[in-house]
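Based on the sequences and whatever the hints tell you, model everything.
In this note's numbering, the protein residues as written are 624 to 1560.
Calculated directly from the structure, the hints in this document are not laboratory data.
Warning: the hint list may mix true and false statements.
Stated by the list, open to error - Ranges between beta-carbon positions, derived for each pair:
{"id": "1", "residue 1": "1042", "residue 2": "1359", "range": "46 to 54 Å"}
{"id": "2", "residue 1": "990", "residue 2": "866", "range": "50 to 58 Å"}
{"id": "3", "residue 1": "681", "residue 2": "1091", "range": "54 to 62 Å"}
{"id": "4", "residue 1": "1421", "residue 2": "695", "range": "54 to 62 Å"}
{"id": "5", "residue 1": "896", "residue 2": "868", "range": "18 to 26 Å"}
As the list claims (entries may be wrong) - When the alpha-carbon atoms are kept at most 25 Å apart in a straight line, the in silico DSS-like pairs for lysine-lysine are as follows:
{"id": "6", "residue 1": "871", "residue 2": "708"}
{"id": "7", "residue 1": "1268", "residue 2": "1192"}
{"id": "8", "residue 1": "1430", "residue 2": "1441"}
Positions of the beta carbon are idealized from the N, C-alpha and C atoms, including for glycine.
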Amino acid sequence: MSGTFGKGCHLHLIDGSAFIFRAFHALPPLTRKSDGLPVGAVSGFCNMIHKYVEDNAGPDAPTHVAVVFDKGSHTFRNDLYDQYKANRDAMPEDLRPQIPLTREATRAFNIACIEKEGYEADDIIATLTRQAVEAGGRVTIISSDKDLMQLVGNGVEMLDAMKNRRIGVEEVEQKFGVGPDRVVDVQALAGDSVDNIPGAPGIGIKTAALLIQDYGDLETLLDRAEEIKQPKRRQTLIENRAQIELSKKLVTLDAATPLDFTLDDLEVKEPDAETLLGFLTQMEFRTLTKRIADGLGVEPPVIADTNPAGANPADEPAAPSTLPFTPDNYECVRDAAALQAWIDRANARGWVAVDTETTGLDEMRCDLVGISLAVEPGAACYIPLGHRGAGDDLFGSDALAEGQMPLNQALEMLKPLLQDPAVMKIGQNMKYDAKVLARYGIDIAPIDDTMLMSYAMNAGLHGHSMDALSERYLSHDPIPIKDLIGSGKSAITFDRVPIDEAVKYAAEDADITLRLAHLFKPQLHQRKVTTVYETLERPLVPVLAQMEMTGIKVDRDTLSRMSNAFAQKMAGLEAEIHELAGETFNVGSPKQLGEILFDKMSLPGGKKGKTGAYATGADVLEDLAAEGHDLPARVLDWRQLSKLKSTYTDALQDHINPDTGRVHTSYVITGAVTGRLASTDPNLQNIPVRTEEGRRIREAFVAEDGKVLVSLDYSQIELRILAHVAGIDALKQAFRDGQDIHAMTASEMFDVPMDQMTPEIRRRAKAINFGVIYGISGFGLARNLRIPRAEAQGFIDRYFERFPGIKDYMDATVAFAKDRGYVQTLFGRRIHTPEIGAKGPQAGFAKRAAINAPIQGTAADIIRRAMIRMPDAIADLPAKMLLQVHDELIFEVDKGAEADTIKAVRKVMERAALPAVALDVPLVVDAGQGANWAEAH
DNA sequence: GTACTCACG
DNA sequence: GACGTACGTGAGTACG
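Structural data, given as structure tokens:
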């Protein structure tokens, strides 16, 4: 069979990249026992190659074979179209180090391994296929990628190795409605959301196939587009001609890739037993090594069990280490030699748990006091770096305590480890440590985070603090920080804690974190939240860290002036209120106010809550004010001002960082069960906007000189998601047509033509639309609209009658929650609903929460995806992402770059669901800009 | 520490 | 039939 490739020869081409991704996503994360190197994808890849070899040993065996891989992210298609494959998620951290190993595996099997920088595997496959056909041979392409189907026919067929299905001309015609030679025409029209091929808007494969069947080919179709009968279709083709032609160039494979070998070099060769078994042994694939050794008729090599029991997360899932915690065994690292030993251990392992100790909770202001490391359960150390003297003199000593390495020396030694792409850094709430370390010039990566793993698996079931996780999963109560620093006013900072006490506490934290990671990591896959963790949680950490460190400029003088104005107004109102009451009292005390209103003045409607106090909420006071009572009306005004002053104009000033002049909020990734972020210290997600007076607070949020603030927000994202998940055609169509959705709902419900819509009717429909998202109830709607309950219930009945799909969706969601104990978003995020089976009033709460969670959560997932892609999207622009407010992102941009920034950001936001989810409704993003947040919003 | 109130999406 | 409800948050103040 040796010699020239020609007639009678049969070439097999394996789409290697597809094999890898399949192996990675289909298999649990396996790590090499001796050092923890992730090898799950390599293992799966080897199994697939082995199975392929065995399956193809028969009479129709290939004479020539090659595995072809993609290489490099930039190809000629990116030059044609900068958005090509722009929706692709970044390669998962655990997969990256496995890529070179798959090449090695291919060569170990003695199969030609082909890749070429800047070329996609598909183009190389096309080129080799052309050469083989021209030489008179046959070709089988082992892949199920539809982009390769254009090559089928003429002695070329495809094989879907997973389904063991052959794909010939007939199968291609089934899929595309045209023969292989016209596949590119159909693809050019239909586009592709996965590769981000634009195509013709509104035309899918079905329509595209019809058009090509009618007109023969794409060029003829475009030239004769005027003849198309359907007006919308005709217009689309005429208007998007350039885009369609571009799409065709993108989907057409290049069969002229320059290659520095010939088909003859691809001849099938027997594997060399020593090489292949050597590789498999090195990877520590026990089962496969034995199987292949048996097949080759040689003795299987022995793979030593080099790992202590319990330290491998992959082989022994869900079994927490039973090793007891022994704080006395933790090491205090005091010199370079000791530190180097720990760095070596971390490098050898491939992972290390890291925890930083600091003087405070504000990552932007606190100082680093020490770092702890753990490399296996029970094996942890603490490196004290900034502990001060014992402080036994009255003023506390500021001198560094004895027996500590110089901070700079320790950080210089640790930096390569903490930045090494081959060593996984494990932490609990890594965003905190990443921010602290960033201020010392260390960009920690890659990271795993036990808090985020717990959140991905158990949102809604319990909290995710280290204390809670340790107690629940390790049956161990960590040393409380209070024992070291005290609490309240007398609390000391960590740098004042004696080093030997700090060692026990800090090293234990790293130990716990490592044990939790070993427990959680394999569970992610079992619980089917690996993708959630890897695409929605972990990549958010560096993005949020950067946003928080950037902060937003807040003008102290503006706040201060407003504060004074509010104080004056409040004083005036307070005097009036006391006058009306006939006595002085604390207006800010609901208890005293209730007594004044309902006991002394005997106003109607005094209702006491469970604590025996009168309710004096805004709704109660508004009702009284509406009846003409002045005092409650004044109290409402006073309360608004009081809120604005204390929470915003005063408190915000205290949060201005003296070094940066900016406010640096902190986002809690696990702050809301639905996937939303929470903002704290200060909360910048509840800055007033609904009243004119409150909105002026936003004027204090300003851009630096020469810059502007730009704000982009999703329009009606939750209603759009509802329309999609509940499958309501009328709503979907309304969104596609860009209609006023509340007016449209009103028109449907109250039988009012759109051109006769009144604001009042629209307002009611709007309230109903919001109610639906929240899990509507007659009582809630009645209270919101201030109408009788029966009337509100009538609206709801009418709504469900008109949109029966909504009711079905709600019932199905509640049933799902009851059955499974959780609900999920379109992206697979799970929100647990432990109360769903409860009896009594909680049942109602739980049901509504279950209905709301997938909608709110999907919206949260979408903006997370946009944020994760944002740094790359705006990398070349003078723009920084500053804030997120659930459906809004705020940027600071150099003057002159506003338009470009809005364009780039809007594109990312509008496409954020792709390619994972193709929504039936468009996502629409509104944009604004200005010198301050009030103008930009 | 808990309850109440109110700011946001 | 009664119960008590819009979903998700953070923070300031009063009060025990």
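Now the hints, each set against the structure:
Under the hint 46 to 54 Å, the C-beta atoms of residue 1042 and residue 1359, about 47 Å apart, fit the expected range. The hinted range of 50 to 58 Å is satisfied by residue 990 and residue 866, whose Cβ atoms lie roughly 55 Å apart. Taken as a hint, the range 54 to 62 Å holds for the pair residue 681 and residue 1091, whose Cβ atoms sit roughly 58 Å apart. Between residue 1421 and residue 695 the CB atoms are about 59 Å apart, so this pair conforms to the stated range of 54 to 62 Å.
Take residue 896 and residue 868: their Cβ atoms lie about 53 Å apart, and the range 18 to 26 Å is violated. Between residue 871 and residue 708 the CA atoms are separated by roughly 15 Å; this keeps the pair inside 25 Å, and the hint holds. The straight-line distance between the Cα atoms of residue 1268 and residue 1192 is roughly 11 Å, inside the 25 Å bound, and the hint therefore holds. At roughly 17 Å between alpha-carbon atoms, residue 1430 and residue 1441 fall within 25 Å of each other, so this suggested pair holds.
This entry does not satisfy hint 5, going by the numbered hints stated previously; all others are met.
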